[in-house]
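Here's the letter readout for the chains.
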Amino acid sequence: MAKKLGKKARKFARKHLQSAAKRNRKQRSQFARRPRRGGNGRGNERDGDGDDEMPQRAIDNVMNNGDAAALVNGLEFPEDECELNSDLSDSDGYLSEDSECLYYSDSEDGNAVNDCFVQDGLDGENDKMNTEIKKQKKKLNKLMDKDPEFANYLEKWQSELKSDGSKEDSDEDEMDSVDNDADSSDENLSNDKILTRKTISEWCQLVAKEPKAPSLRSLLNAYRDACRFGVSKSPSVQRIQSTEVFHQIITFVLSEADNIFHALLEISDDVNKGKIMNLRSAKKWKTIEPLVKSYLQNSLDLLSQLTDNQILAFVLTRLRASAVLFSAYPSTSRRLLKILIRLWASGDHNLSLSSFLMIREVASLLPECLDLCLNKSYNTYLASSKLVNEGNIKHIDFLMDCLVELYSLDVQKSCERATTSIGQLNAILRQACKTKEKEDLRKVDNWQYINCVNLWVRFLCCNYKDYNMHPLLSSVVQIIRGVAHLFPGTRYLPLRLRLVQMLNELSSCSQMFFPIPSLLFDCLEFRDTSQKEQGQKAKVNFSSLLKVPKNMLKSRDFHEECILSAIDVLSAHFAQWCYHVSFPEVATIPLILLKRLHEQTTIESLRRPIKRLIDQVDENKNIVERKRDGVSFSPNDTTSVESFVQDLQAEKSSAKISQFYKIVPKKLR
Amino acid sequence: MGKSSSKKKKDKVILPPQLPPEVDDDDVVVSDEDVEFFRGNEGHARALATLDRKSIDSYVTRVAHHDEDEVERLYEERERRRKAVEALRPKNHDDDDFEVDRVDALPVKTLQGELVYNNAKKARFDDSSNNVESKSEDKVGNSKQTIQKGERKEKSKSKKGDGKLQNVQAQTEASNGKLQSKVLEEVKEELSAEELFEKKKAQLAEIGMSMLEDPESHIRSLNDMLNICNDKDQKVVKLGLMSLLAVFRDIIPSYRIRQLTEKELTVEVSKDVKKMRYYEYTLLRSYKAYLQKLISLEKQPNFSALAVRCMCTLLDTAPHFNFRESILASVARNLSSPDDAVRKMCCETIRSLFVDEGKHRGEATIEAVRLIADHVKLNDCQLHPDSIEVFLSLRFDDDLGKDDREEEKGKPKKNKRRQNQEVPKQLPVSDNKKAKQELISKAREEVDAELRSVSFTLDPKERRRIQKETLSALFETYFRILKHSMSISNSRGKVINVSPDGSHPLLAPCLEGLGKFSHLIDLDFMGELVACLKKLSGYTDHHSGIVHDNTLNVSERLQCCIVAFKVWRSNLEALNVDLQDFFVQLFNLILEYWPDRDRGEVLADALKTLLWEGKQQDMIRAAAFIKRLATFALSFGSAEAMAALITLKHLLQKNSKCRNMLENDSGGGSLSCLVAKYDPEAKDPYLSGGLASVLWELSLLQKHYDSSVSSMASNILSMANLNPTQNPVPISNANPLEAYRDLSMERKLSKPANKLLPLNCRKKRRGKEFVALSPAALEGSDCVAGGDELKEKLKNHFAVLRGISENERLRAELNHTLSSINLYKEYKKQKKSRKSKAVKKKVSRA
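Keeping their order, the protein sequence lines are chains Y and V.
Throughout the first sequence, residue numbering follows the numbering used here, covering 196 to 864 in sequence.
Throughout the second sequence, residue numbering follows the numbering used here, covering 607 to 1452 in sequence.
Read the hints as simulated data drawn from the structure, not as lab findings.
Just so you know, these numbers come straight off a predicted model, no measurement behind them.
Fair warning: there could be bad hints in the mix.
Said to hold, decoys possible - Mimicking PhoX-like on lysine-lysine, the simulated pairs with C-alpha atoms at most 20 Å apart in a straight line are:
(1) K341(Y) <-> K1441(V)
(2) K337(Y) <-> K1435(V)
(3) K393(Y) <-> K1397(V)
(4) K1435(V) <-> K1446(V)
(5) K805(V) <-> K841(V)
(6) K351(Y) <-> K1431(V)
Isolated chain Y, as found in the complex (with noise of 0.2 Å):
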């Protein structure tokens, strides 16, 4: 019954409120953007910077579209863009109520009605419009006067209008035109009583006494129309007059209806997908399940609707509670997962960190979702990583791990999307490789293509030890070492630094050699650095540059940042083997270089970090060696080599070696 209500109901707004439903249209859409345009916003304006406003509206388009096509390198996964609403289609969760549930009037109601324009922009709007009206009213009431005739006339055109408008509507459902009037009559039956606040109050206290009380369908019809207040135009929606009202339903519904549910399925807190599913071949499931798809669908309204991050960080918090229930509902769970992975890439750190733990939470509970999932945050995540700036780094950072997160759940499935993708950079850097043209060349120079490639590695660190990935790993290297190798020179020192720290990630992760130092000679190279100070102090940062500006290349800022990232990486990488027996051998060429630039440096500021790395390299040199003195087996002997390094580690005088090499890149900032 209640099915059917609520598609009479849908129906009937079609009919008579067609203009409005467009408009309605036009708005939700406006809305959907509305989130991320703030979040993105807000890093705008730390940058100062209004020139990054287009691109952010394009990834915002791409973004709501869906659109892969429009994204630069073709990495990301195909989708399939088939919307399964079967289950949302048919009803919009309206329940019927019973009648003994009373509604009480509210004194108040008069001020309730004024308060809501306290802060309303659009108030004095209104107002003037309200006044014109009544003006444009009274011109026409003065035609009428005048000519009598002229009424009719009018009557006439009105109706005509009409009949046009259900022509135009009865050839879209013409099946359903017959019961139309019914639905008319049916629906207006209980719902036009004004919601009051006591009434809210006092069914909110029914039903945390006694779940099962009828009340719970009146509230929850209440919470479907508080959540589809200002969309929906059906008279329903406009029982809510108070703001007061409103806020009741909504926190009351969020906070309680996932206890209230859990005890009425009599289920407990670590239920899993299972369990659900056999559920719903019980009894009862029948009686509560339009509850729960109406609370869960209305909730997945209010998501797309809201605005605040603030309350969409609440509203998810309070929801995952209840994820456990969406799996009941596949295509439910997919508009969700496309909502909530909308807002995980929105700026908003709290934001973003709840949607993804709900993300999370639907995706290790619904494995079918799990395909969605990945490839949806994963084109989600190459759209956002397009533009680097100071002030997305942490996000984009962020988002990465995220997707680490999210791809190492089942770690089988994603090392297919993993070979795919690394494929696919493969590809292009061939592509590139070969022609050597601009274009091409543009398609790996680019942070799509280096964020991609960082997903991975770290993708890979994670998961490289519990599982054996070394086809991957050695994929992966060869992509790093062909960027590094393509891009040669001290423009490109930004996109070296980033591939070699990837490098030493790996290193670290796979307890594999390599030969790092290669690829920072250029950082480590001397150059003259061009006397005459520019004006402006433009700071350079490398996290947020692959290419270095042409002008900044011989200032000293460059320099510098130059020589500091190099000593990080460079004691990163004597980090990791600063107990292997032939560390001495690991830092001859480095230490040759690394004196070099000592004595050559005009700079002072840079000659401190510098000796100071030299010096500690040369005292772990001669703890190496003092140690590698007096053992007396050859270095053919793997075992003897690897207790050596858990000797040296053990020792109390070594111990703190490894310890400088974290400090260093610290202490230099």
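Given chain Y, put chain V in place with the hints provided.
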């Protein structure tokens, strides 16, 4: 020129008036050869001077059918008038300007008898008169004709010696022609430029086709084509040049056209020979004019590419033909053209010249090499590397003596062929008349002598001489470049901050060339060369010099070492040169090497040449290299590491005593010599104490990410367990250079992508723990927002929504009301019309 033309008209009997193209100026036409010829044959000149001027004059007057003076006066008057008019009016056609060469203005009659050229009316005039003349003169007889023809050539060249009278005549005729052309000019103006272009194109095509069909009878059309090349329209000029190129490519004979001697000229020859001579003569003239045109156009930016291309093609197809020198000169000049396409074209041509010496007997080779050498000298070695790189295509016979017999075998054959060509040309009459038989035997001697100069085969002596000269020019260039780089590096040692690249662009190809031709270097030079290389490779007594003062980059210095070794080795290592210094250099350069900046291939090549190919090394030195290479492998990419490891392995195999370095005996290496402690930064391999070290690097290299490197390291380590005589199972036979190339990034990326197989992971689902996110990042995930704040925000949200819906409602209402009001107007209109209709009806009814 006018004189000659006017005069010729009278002399020509069989041939219609056709002259060699004297395009530019007098100098063009009167070449040195011509002048010399005249000097040598004064008799002819005199004969020319004593020509019956009156009879000639009478012809002209007959043509004009007027009293001579009268005509002259009349023409001059007209000329003056015309000039006045022209001064007032802007010039329309440069072509028909006054400055136009008289020769150009001459009539041209095509096959169809149509007059093609603008001032053609006059031509028709003259032609008709000539025809009359020819008829009368035909009776004079053959013998006279031949003599006249022989003289005709000289006459055409002898304008300077001619009298004034002819000059006057020429003027009158020219002015006459001008008058005619004036009319034509006006007609021509009416044609649009496009039509003109199309016309000229068609004309070119027509001439070109006829030339290709039958060059002998149409040889004169070359002039027309050359004239078209003087067109104002650049497109036309380009087309003209191209079609001429095509024609020349086709018709240039396979022999060099030789200047006729006095003797030959006096000898009476048959009609055919005359014709042939005329053909050759015209061809040569046109070819010369064409080349001059090309050379002058080469300097113009619009035409340079085209002109160079034409010259390159000509040089490629006809290196044996006359005027090769001038083409070669400009091609050689363009070897270092800044335009890539032009440079490439020239390089290709020169290369093909070097490779395909059969066409020109190697003469062009030596010329080209000399030209380039001069060029290098003139430009102080600041040229594009390409200009030297072409030398790499040079080929020298290792042993010329062997070839002698083959050459001789080939020679008679070729001679015969040549004779067959020459004989009918020289003595066609002899076949018919027995009286000329003697002449044949006489001429044969001359022919034989000439043959030598014309034939394509050289006797071995000659060949050797040419090759020697080429070689010496080549090495002269190379040594010049070496010297130059040396002087620069010395002088610039003091000047700071000069970019090392580009300062001696020729050095790299020069070193490469030295390496290639090292076996041909004279032993006398050897000592000096090696000293030179030593200096260039940056060897200083390593106490004094700081390495950075040397401005040669690492690759170049490595190349120096390589060349020195190649030179030494290709001379059977007999040379008593101390190459120890080069080892020291390499030893230090290994530490200087930077990937991406320096060419890794050169390093690998150096390792190969100096260490891998060498015989048994000094043990201490070998140990030093072993240790250094191992350290080197730790810091560089897999390609470099692999090259180093292969060399290292080779050294260990050759010097079994060094295998002690693989083992850790008490106190480091067992064979500690002079230096007890290893110094990783030592400059001298003998002082580094390499023998005292242990190759710990290999244990780390076993963990190398690249499996080929790590397996190589393991392979080397396994040597420790073997006897000194045993070698481990070889895992690759590549030399360092091959190994480097195999593993280099380019190679890796160009290899087809090996399909990544989907991994087989152990099925294992993770629990709930997080792998990538730190707990700190997860903080604050549970957003239990403060009640009040949340309430406030929710309220706001509601208010906004409500405002919007209210706004919407109001707007709809407003719109509705407004449209109702608007409807009123329409209503009124309808009412009016109805009323008026009604009125009309009423009226009509009424």
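To see whether the hints hold, each was checked on the structure:
1. K341(Y) <-> K1441(V): holds (18 Å)
2. K337(Y) <-> K1435(V): Cα-Cα ~18 Å, so holds.
3. K393(Y) <-> K1397(V): holds (18 Å)
4. K1435(V) <-> K1446(V): holds (16 Å)
5. K805(V) <-> K841(V): Given that 20 Å is the threshold and the Cα spacing comes to 13 Å, the pair holds.
6. K351(Y) <-> K1431(V): holds (16 Å)
Comparing the model with each numbered hint stated earlier shows that all of them hold.
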